[in-house]
Amino acid sequence: MGKKILIVDDSESIREVVSFTLENAGHEVQKAIDGDDALKYLDGAAYDLIITDLHMPNKNGIELIREVRKLDTYKFIPILFLTTESQTTKKKEAKEAGATGWIVKPFVPEKLLAAINKVVR
Amino acid sequence: MEVFKQKFIEEATEQINDLEQALLQLDQNKEDLETIESIFRVMHSLKGGSAMFGFEKIDRFTHILENIYESIRSGEAKVTSDILDLTFQAVDHLRKLLDETPESEKLLEKENNKFIERIQKALDDKAVPEHTSLQDEKTEGKVKTYFVRFVPDEDIMHNGTNPLYLLEDLANLGNILIVPNVDNIPSFEKINPEKTYTSWNIFLSTNAGINAIVDVFIFVDDEARIETHKISDYNLLELEAVRNILKETLHKKPEIKPADIQELIIDLESVYHDKEVEDIQPDTRKKVEHSISSIRVGADKLDNLINWVSELVTIQAQLSLYSRENNNPGLAPIVEEIEKISRRLRDDVFSIRLIPIANMVTRFQRLVRELSNELGKEVLFETKGTETELDKNMIEMLIDPIMHIIRNSLDHGIEINAAGRTAAGKKPKGTITLNSYYSGTNVYIQIIDDGRGLDPQAIKQKAVEKGLIEEDAELTEKEAYDLIFSSGFSTAKEVTNVSGRGVGMDVVKRKIAELRGEVEMTSEKGKGTTVTIKLPLTLSIIDGLLVRIEKTKFVIPLSAVHKIYEFTHTEIEEAINNLFLADEKRVPFIYLRKVFNIEGAPPEIERIVNVEYQDTFMGLTVDEIIGEYQAVLKPLGQMYKGIDIISGATILGDGTVALVLDPNRVIFEFANNENLKV
Numbered sequence: 001m002g003k004k005i006l007i008v009d010d011s012e013s014i015r016e017v018v019s020f021t022l023e024n025a026g027h028e029v030q031k032a033i034d035g036d037d038a039l040k041y042l043d044g045a046a047y048d049l050i051i052t053d054l055h056m057p058n059k060n061g062i063e064l065i066r067e068v069r070k071l072d073t074y075k076f077i078p079i080l081f082l083t084t085e086s087q088t089t090k091k092k093e094a095k096e097a098g099a100t101g102w103i104v105k106p107f108v109p110e111k112l113l114a115a116i117n118k119v120v121r
Numbered sequence: 001m002e003v004f005k006q007k008f009i010e011e012a013t014e015q016i017n018d019l020e021q022a023l024l025q026l027d028q029n030k031e032d033l034e035t036i037e038s039i040f041r042v043m044h045s046l047k048g049g050s051a052m053f054g055f056e057k058i059d060r061f062t063h064i065l066e067n068i069y070e071s072i073r074s075g076e077a078k079v080t081s082d083i084l085d086l087t088f089q090a091v092d093h094l095r096k097l098l099d100e101t102p103e104s105e106k107l108l109e110k111e112n113n114k115f116i117e118r119i120q121k122a123l124d125d126k127a128v129p130e131h132t133s134l135q136d137e138k139t140e141g142k143v144k145t146y147f148v149r150f151v152p153d154e155d156i157m158h159n160g161t162n163p164l165y166l167l168e169d170l171a172n173l174g175n176i177l178i179v180p181n182v183d184n185i186p187s188f189e190k191i192n193p194e195k196t197y198t199s200w201n202i203f204l205s206t207n208a209g210i211n212a213i214v215d216v217f218i219f220v221d222d223e224a225r226i227e228t229h230k231i232s233d234y235n236l237l238e239l240e241a242v243r244n245i246l247k248e249t250l251h252k253k254p255e256i257k258p259a260d261i262q263e264l265i266i267d268l269e270s271v272y273h274d275k276e277v278e279d280i281q282p283d284t285r286k287k288v289e290h291s292i293s294s295i296r297v298g299a300d301k302l303d304n305l306i307n308w309v310s311e312l313v314t315i316q317a318q319l320s321l322y323s324r325e326n327n328n329p330g331l332a333p334i335v336e337e338i339e340k341i342s343r344r345l346r347d348d349v350f351s352i353r354l355i356p357i358a359n360m361v362t363r364f365q366r367l368v369r370e371l372s373n374e375l376g377k378e379v380l381f382e383t384k385g386t387e388t389e390l391d392k393n394m395i396e397m398l399i400d401p402i403m404h405i406i407r408n409s410l411d412h413g414i415e416i417n418a419a420g421r422t423a424a425g426k427k428p429k430g431t432i433t434l435n436s437y438y439s440g441t442n443v444y445i446q447i448i449d450d451g452r453g454l455d456p457q458a459i460k461q462k463a464v465e466k467g468l469i470e471e472d473a474e475l476t477e478k479e480a481y482d483l484i485f486s487s488g489f490s491t492a493k494e495v496t497n498v499s500g501r502g503v504g505m506d507v508v509k510r511k512i513a514e515l516r517g518e519v520e521m522t523s524e525k526g527k528g529t530t531v532t533i534k535l536p537l538t539l540s541i542i543d544g545l546l547v548r549i550e551k552t553k554f555v556i557p558l559s560a561v562h563k564i565y566e567f568t569h570t571e572i573e574e575a576i577n578n579l580f581l582a583d584e585k586r587v588p589f590i591y592l593r594k595v596f597n598i599e600g601a602p603p604e605i606e607r608i609v610n611v612e613y614q615d616t617f618m619g620l621t622v623d624e625i626i627g628e629y630q631a632v633l634k635p636l637g638q639m640y641k642g643i644d645i646i647s648g649a650t651i652l653g654d655g656t657v658a659l660v661l662d663p664n665r666v667i668f669e670f671a672n673n674e675n676l677k678v
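Keeping their order, the protein sequence lines are chains P and R.
Using the numbering used here, you'd call the opening residue of the first sequence number 1 and step up by one each time.
Using the numbering used here, you'd call the opening residue of the second sequence number 1 and step up by one each time.
No lab work stands behind these hints, which were simulated from the structure alone.
Just so you know, even glycine gets a beta-carbon here, dropped at the ideal spot from N, CA and C.
Accuracy of the hints is not assured; some may be wrong.
[Unchecked claim] Below are the DSS-like pairs computed for lysine-lysine, each with C-alpha atoms no more than 27 Å apart in a straight line:
1. Lys-111/P x Lys-142/R
2. Lys-195/R x Lys-75/P
3. Lys-511/R x Lys-460/R
4. Lys-70/P x Lys-195/R
5. Lys-30/R x Lys-59/P
6. Lys-40/P x Lys-7/R
[Stated by the list, open to error] From the derived model, a few chain P residues whose C-beta atoms are all more than 10 Å from chain R:
7. Glu-12
8. Glu-23
9. Ala-25
10. Gly-26
11. Gln-30
12. Asp-36
13. Leu-39
14. Ala-45
15. Ala-46
16. Glu-67
17. Arg-69
18. Lys-95
19. Trp-102
[Stated by the list, open to error] Which bits of chain P does chain R cover? Going by a derived footprint, with three or more residues having C-beta under 8 Å, they are:
20. 15–22
21. 70–84
22. 105–114
Work out the full structure, taking the sequences as your base and the hints as a guide.
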């Protein structure tokens with residue numbers, strides 16, 4: 001069954017390719033351009049999953065994750081972040097902030113869906 | 001994928017431009033952490049994107065480049081001019097990589113490797129983290145049995161993890177036996193539903209290899225205790241009897257040590273035989289084909305489109321007029337809607353072609369940076385009004401002439417040594433300013449330097465030597481400056497390799513003339529030189545205020561209108577020094593009726609439209625304000641070329657003609673003219 005997913009990334013091409021992949025897999029997707037934008041979408045809505053980039057202007061991914069975890073509605077919601085292999089310290093930081101897991105860039109659609117499948121069913 | 005790729009190319013182009021911009025900032029302040037951070041971010045997202053969309057060279061390249069800035073960011077390295085130079089070249093290289101075609105592929109590959117080598121040298125053989133690819137690790141092929149103990153932390157669900165999904169994932173890998181350990185679940189009253197009390201002992205027979213099992217827990221390895229052991233080279237779980245034995249053992253001794261399990265199964269193992277399993281899972285990565293698709297539209301098509309929109313706006317104005325005159329309640333809202341739509345259509349169509357001047361500024365900044373280094377002069381490059389928009393084609397065609405002018409300013413204008421500047425009472429660092437602004441239907445671009453200025457005498461002498469003028473020719477300053485634009489003129493005693501690149505200012509003038517523009521030089525000896533380029537806006541529609549004097553209608557560009565006031569004719573007539581009171585401020589006004597020699601008796605009440613241009617105010621008297629109006633601007637033609645204060649004419653909805661005023665010129669022309677009183 002399709003899930004309601006929020007994608008947060010400042011790169012339009014990444015947003016598009018992620019949302020295209022997810023929508024094809026039957027999910028409902030909302031796109032946000034940075035942390036601040038994401039919080040606006042989260043307010044009053046009920047997403048099943050958040051996928052966020054880490055490097056973004058305004059509010060970055062880690063800050064976003066921290067704030068999301070403070071919200072009652074999103075205490076247990078899975079949050080995946082987009083990262084590259086070279087960023088082990090970031091990975092740790094994001095996990096400590098409350099992220100559920102990560103998706104390693106670059107990814108092919110199958111990998112993306114596999115990562116999502118790890119945290120929402 | 002192709003669509004996304006195109007998007008990536010657009011985005012990457014922008015990002016590379018941003019990168020260049022940030023680098024220029026970094027050049028000014030090498031310690032600026034925020035800029036370093038933004039450079040890092042751009043490289044990072046370029047890397048991520050390029051790998052996604054098959055730009056393998058950019059991926060490899062930015063990966064290494066990113067490392068330099070990573071070490072700068074973390075304070076391990078400092079920004080040096082060498083690093084900056086290298087990065088600037090890298091920016092150019094990135095642009096090339098983005099434009100890669102099958103033909104240029106081989107060459108770029110070579111360049112890329114060379115570049116990577118250079119960067120690696122710059123990194124001082126600092127270890128670059130291994131770049132991982134998308135390739136999956138090889139699967140092992142043979143079914144083996146593993147024991148997994150999964151003890152999640154109590155708070156594992158707080159990070160959004162559902163432990164049951166992990167068990168499901170494990171189950172998907174092969175044949176599984178899961179035995180939960182529920183000993184730690186407290187009594188019902190004490191249960192906190194947010195916590196996890198269960199742990200699991202698992203047997204798994206799979207051909208996926210131990211890495212696949214570890215991968216299942218990849219997200220939770222620091223929120224759970226996970227033990228994974230291979231306990232058998234066989235598929236132990238095939239036989240129901242063996243399953244039962246294992247199950248029972250785990251139920252009885254949930255904390256059993258893996259070594260003990262191993263002992264237990266040694267006897268069981270002999271029952272099983274090897275089984276070869278095919279290697280499945282082909283390489284899933286598809287090579288993304290490289291072909292760039294972009295929409296290019298012929299300029300004539302765009303011109304046509306703009307023409308039709310202009311026509312539409314005229315017709316729509318007629319319709320609005322008709323609707324107002326006939327007062328048809330059904331028609332009015334439709335007309336209003338059409339008006340709105342055609343306005344948006346107009347804006348959109350024009351915006352296709354318009355881009356802000358800021359788009360070309362980066363190139364000039366780099367030119368100044370590189371050239372001032374080359375010439376050993378310290379020069380600051382400043383910009384004003386870069387939000388001014390111009391036709392895209394025009395901007396493209398302007399780059400070369402402006403580059404040339406800046407080169408000249410840097411080479412000939414700015415003094416060679418700072419001491420000479422200080423002696424003349426100027427800052428040691430030279431300044432070149434690019435200033436742009438709108439005026440009426442024109443855009444002005446100025447290149448201003450605070451160098452040594454032009455010497456009319458020297459120019460004249462040179463022109464005589466070159467045989468451009470007679471020796472006894474009498475020249476005004478302006479005429480002397482104009483000589484610079486004649487072909488075969490160069491003021492530098494020796495042609496330097498900077499300015500003397502085979503083109504002179506005559507080419508600059510010709511290029512600008514091709515754009516229907518004009519170029520002019522003004523200068524003050526010792527103070528500096530200003531080159532002013534005047535260009536027509538291709539925008540042929542303006543938002544205006546329609547006004548009337550007797551039967552003649554005029555359009556005043558709305559952007560210049562500040563406020564409108566009402567006065568009796570007597571008040572205007574008796575005004576001292578042609579000043580009127582605009583909200584407690586005295587502002588001069590022009591009695592347009594007189595300027596345009598319009599006959600007839602003025603009405604009892606007249607209006608003054610207060611127009612503003614670059615902080616100067618001026619009132620224009622009219623009989624009546626008719627309202628806002630979208631004017632399709634038509635040129636007046638050669639015959640009226642001398643009339644500056646009128647920038648064109650427009651055909652009104654009822655077929656009559658209205659003249660469009662240029663407030664800037666009006667202010668300029670009449671600011672000191674005494675003959676315009678009532």
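We went through each hint and held it up to the structure:
no. : hint                  : result
1   : Lys-111/P x Lys-142/R : 24 Å, holds
2   : Lys-195/R x Lys-75/P  : 13 Å, holds
3   : Lys-511/R x Lys-460/R : 24 Å, holds
4   : Lys-70/P x Lys-195/R  : 17 Å, holds
5   : Lys-30/R x Lys-59/P   : 25 Å, holds
6   : Lys-40/P x Lys-7/R    : 25 Å, holds
7   : Glu-12                : 6 Å, violated
8   : Glu-23                : 13 Å, holds
9   : Ala-25                : 15 Å, holds
10  : Gly-26                : 18 Å, holds
11  : Gln-30                : 18 Å, holds
12  : Asp-36                : 16 Å, holds
13  : Leu-39                : 17 Å, holds
14  : Ala-45                : 16 Å, holds
15  : Ala-46                : 14 Å, holds
16  : Glu-67                : 14 Å, holds
17  : Arg-69                : 8 Å, violated
18  : Lys-95                : 7 Å, violated
19  : Trp-102               : 7 Å, violated
20  : 15–22                 : holds (count 3)
21  : 70–84                 : holds (count 7)
22  : 105–114               : holds (count 6)
The structure does not agree with the numbered hints 7, 17, 18 and 19 stated previously, though it agrees with the rest.
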